[in-house]
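2 protein chains.
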Amino acid sequence: MDNRPIGVFDSGLGGLTAVQKLIELLPNEDIIYLGDTGRVPYGGRSRETIIKYARQDIAFLTSFDIKAIVIACGTVSTTAMGEIENDYDLPIAGVVLPAVEKAVKVTKNKRIGLIGTVASINSRAYDRLILERLPDAEIFSAACPLLVPLVENGRINRGDIMIETAVREYLTPIKEQGVDTLILGCTHYPLIGDVIGDFMGGEVSLISPGAETAAFVAELLEKNGISAEKGRIATHRYFVTDSIEGFSSAASLFLRQDVRGEVSKVDLHNF
Amino acid sequence: MDNRPIGVFDSGLGGLTAVQKLIELLPNEDIIYLGDTGRVPYGGRSRETIIKYARQDIAFLTSFDIKAIVIACGTVSTTAMGEIENDYDLPIAGVVLPAVEKAVKVTKNKRIGLIGTVASINSRAYDRLILERLPDAEIFSAACPLLVPLVENGRINRGDIMIETAVREYLTPIKEQGVDTLILGCTHYPLIGDVIGDFMGGEVSLISPGAETAAFVAELLEKNGISAEKGRIATHRYFVTDSIEGFSSAASLFLRQDVRGEVSKVDLHNF
Numbered sequence: 001m002d003n004r005p006i007g008v009f010d011s012g013l014g015g016l017t018a019v020q021k022l023i024e025l026l027p028n029e030d031i032i033y034l035g036d037t038g039r040v041p042y043g044g045r046s047r048e049t050i051i052k053y054a055r056q057d058i059a060f061l062t063s064f065d066i067k068a069i070v071i072a073c074g075t076v077s078t079t080a081m082g083e084i085e086n087d088y089d090l091p092i093a094g095v096v097l098p099a100v101e102k103a104v105k106v107t108k109n110k111r112i113g114l115i116g117t118v119a120s121i122n123s124r125a126y127d128r129l130i131l132e133r134l135p136d137a138e139i140f141s142a143a144c145p146l147l148v149p150l151v152e153n154g155r156i157n158r159g160d161i162m163i164e165t166a167v168r169e170y171l172t173p174i175k176e177q178g179v180d181t182l183i184l185g186c187t188h189y190p191l192i193g194d195v196i197g198d199f200m201g202g203e204v205s206l207i208s209p210g211a212e213t214a215a216f217v218a219e220l221l222e223k224n225g226i227s228a229e230k231g232r233i234a235t236h237r238y239f240v241t242d243s244i245e246g247f248s249s250a251a252s253l254f255l256r257q258d259v260r261g262e263v264s265k266v267d268l269h270n271f
Numbered sequence: 001m002d003n004r005p006i007g008v009f010d011s012g013l014g015g016l017t018a019v020q021k022l023i024e025l026l027p028n029e030d031i032i033y034l035g036d037t038g039r040v041p042y043g044g045r046s047r048e049t050i051i052k053y054a055r056q057d058i059a060f061l062t063s064f065d066i067k068a069i070v071i072a073c074g075t076v077s078t079t080a081m082g083e084i085e086n087d088y089d090l091p092i093a094g095v096v097l098p099a100v101e102k103a104v105k106v107t108k109n110k111r112i113g114l115i116g117t118v119a120s121i122n123s124r125a126y127d128r129l130i131l132e133r134l135p136d137a138e139i140f141s142a143a144c145p146l147l148v149p150l151v152e153n154g155r156i157n158r159g160d161i162m163i164e165t166a167v168r169e170y171l172t173p174i175k176e177q178g179v180d181t182l183i184l185g186c187t188h189y190p191l192i193g194d195v196i197g198d199f200m201g202g203e204v205s206l207i208s209p210g211a212e213t214a215a216f217v218a219e220l221l222e223k224n225g226i227s228a229e230k231g232r233i234a235t236h237r238y239f240v241t242d243s244i245e246g247f248s249s250a251a252s253l254f255l256r257q258d259v260r261g262e263v264s265k266v267d268l269h270n271f
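Residue numbers (this note's numbering), protein chains in the order written: chain A, 1 to 271; chain B, 1 to 271.
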């Protein structure tokens with residue numbers, strides 16, 4: 001039994017899609033969330049900059065007495081996690097491995113599609129982990145740099161010509177390869193799951209890393225005997241690096257519910 | 001006569017559209033350019049964060065022996081310049097005033113359109129300066145958060161459905177007001193000048209702050225007697241805060257020529 005909080009971070013607010021799933025699945029767990037909104041997005045930056053920012057994010061979270069770290073950011077999970085995960089004494093979960101395990105479980109034709117930020121795709125982290133588990137899998141991937149700004153500007157609805165065009169352009173080469181599974185390798189993408197699903201067709205399984213990661217974390221806590229007491233009332237705290245003004249409205253988009261919990265601004269300069 | 005360099009900065013690489021005009025107009029002037037590519041974009045961030053970043057950018061530039069500062073960033077010019085310009089002993093030029101002076105000169109019906117980032121539009125900096133000069137002007141403005149990511153992803157050509165849709169949606173309310181002048185209040189927008197011009201119609205004057213700023217700086221140097229010696233060979237140095245990998249290809253998009261000059265990475269942490 002361990003009632004210490006879980007530390008979760010993302011480059012911005014997209015990681016709240018994973019927090020939403022964590023809250024659903026683990027209602028007794030305290031959560032401390034850090035969104036680096038003062039430097040978002042990470043997805044187009046270089047590997048060295050992403051590693052530097054990730055270390056600062058973790059240094060902030062570990063300034064609290066947390067029991068586990070969740071990297072709720074596709075870009076950091078693919079680009080920096082291998083470099084940094086052994087530097088900390090805490091269990092760390094990223095969004096890549098849970099999604100990979102689900103994808104290799106559900107694919108039948110071993111043709112797997114993958115979309116993500118430029119940094120995520122270039123890292124080839126998904127490819128490596130899939131091929132370790134399924135050496136004859138074929139992976140078809142595409143970097144989709146416009147999907148994050150489109151989602152952040154609310155262009156998420158069926159029939160919106162901009163999101164429909166972007167999805168069609170990015171996904172046509174993947175669809176043409178006859179994949180039966182598509183990994184949505186960025187926390188923003190589940191918000192356009194129906195637009196992507198319409199385009200890919202109902203026979204293609206969409207894998208949302210946020211949901212898979214929440215299940216993975218539940219198991220990780222169980223296995224390490226560090227779950228919180230059942231029935232306790234959990235608290236959620238949110239930290240951002242830009243102003244907290246407007247946080248609640250933006251955050252509720254990703255959290256799919258009103259933000260309940262304290263929101264504070266933090267300066268990572270000294271971390 | 002003063003051969004010291006001019007310091008120019010922007011949140012990223014868009015400010016190179018102003019550098020291009022500076023190089024054309026002032027071929028004898030040394031230029032030191034800082035693009036804060038590790039934290040770009042500034043346009044959606046809060047005023048306090050933008051001011052903090054701008055002070056760090058200027059602290060870096062003034063660590064060189066420069067003779068003037070050019071804020072080649074619409075967001076910083078509108079949001080932070082009033083707060084910080086008196087803190088330095090150097091002449092400072094932003095992109096707002098030169099564009100405003102041109103706009104009030106060319107408008108005939110005193111109906112002026114303005115587009116920019118969320119931070120720029122919310123600052124109302126253009127509005128204030130226009131109304132000081134032309135109290136009966138009417139200003140119709142729109143924040144266009146998707147134009148920067150679209151331009152940065154190369155969606156700049158006539159016939160591209162995404163840029164055409166975004167331009168039409170953002171500009172329809174402004175066009176319907178019958179403006180005869182439109183200020184392109186962000187350094188990225190001149191790259192889609194033809195798409196914007198097609199939509200607005202040939203009778204609407206488009207004002208590019210980069211071009212106006214270069215002319216303004218030429219005058220500023222002249223007036224202060226700090227122009228560089230005629231005929232000397234100028235050097236241009238470029239600094240970025242993210243990796244320099246890929247800088248040249250991205251930079252040449254905005255510079256409209258190959259980058260000639262040294263490119264270095266800098267850490268603003270200590271500024």
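Among the hints, erroneous ones may be present.
For identical chains, the list gives no copy identity; a pair is met inside one copy or between any two copies.
Straight-line alpha carbon distances no greater than 16 angstroms define the calculated EDC-like cross-link-like pairs of lysine to aspartate or glutamate that follow [as the list claims (entries may be wrong)]:
1. Lys-175 to Glu-262
2. Lys-52 to Asp-198
3. Lys-265 to Glu-48
4. Lys-102 to Glu-83
5. Lys-230 to Glu-24
6. Lys-105 to Asp-198
7. Lys-52 to Asp-267
8. Lys-52 to Glu-222
9. Lys-230 to Glu-245
10. Lys-108 to Glu-138
11. Lys-105 to Glu-48
12. Lys-223 to Glu-85
13. Lys-110 to Asp-136
Honestly, the hints are just simulated from the structure, not real lab data.
Report task. Could you check the structure against the hints above and give me the numbers of any it violates, in ascending order? Result -> Violated hints (numbers, rising): 1, 2, 4, 6, 8, 9, 11 and 12; every other hint is consistent with the structure.
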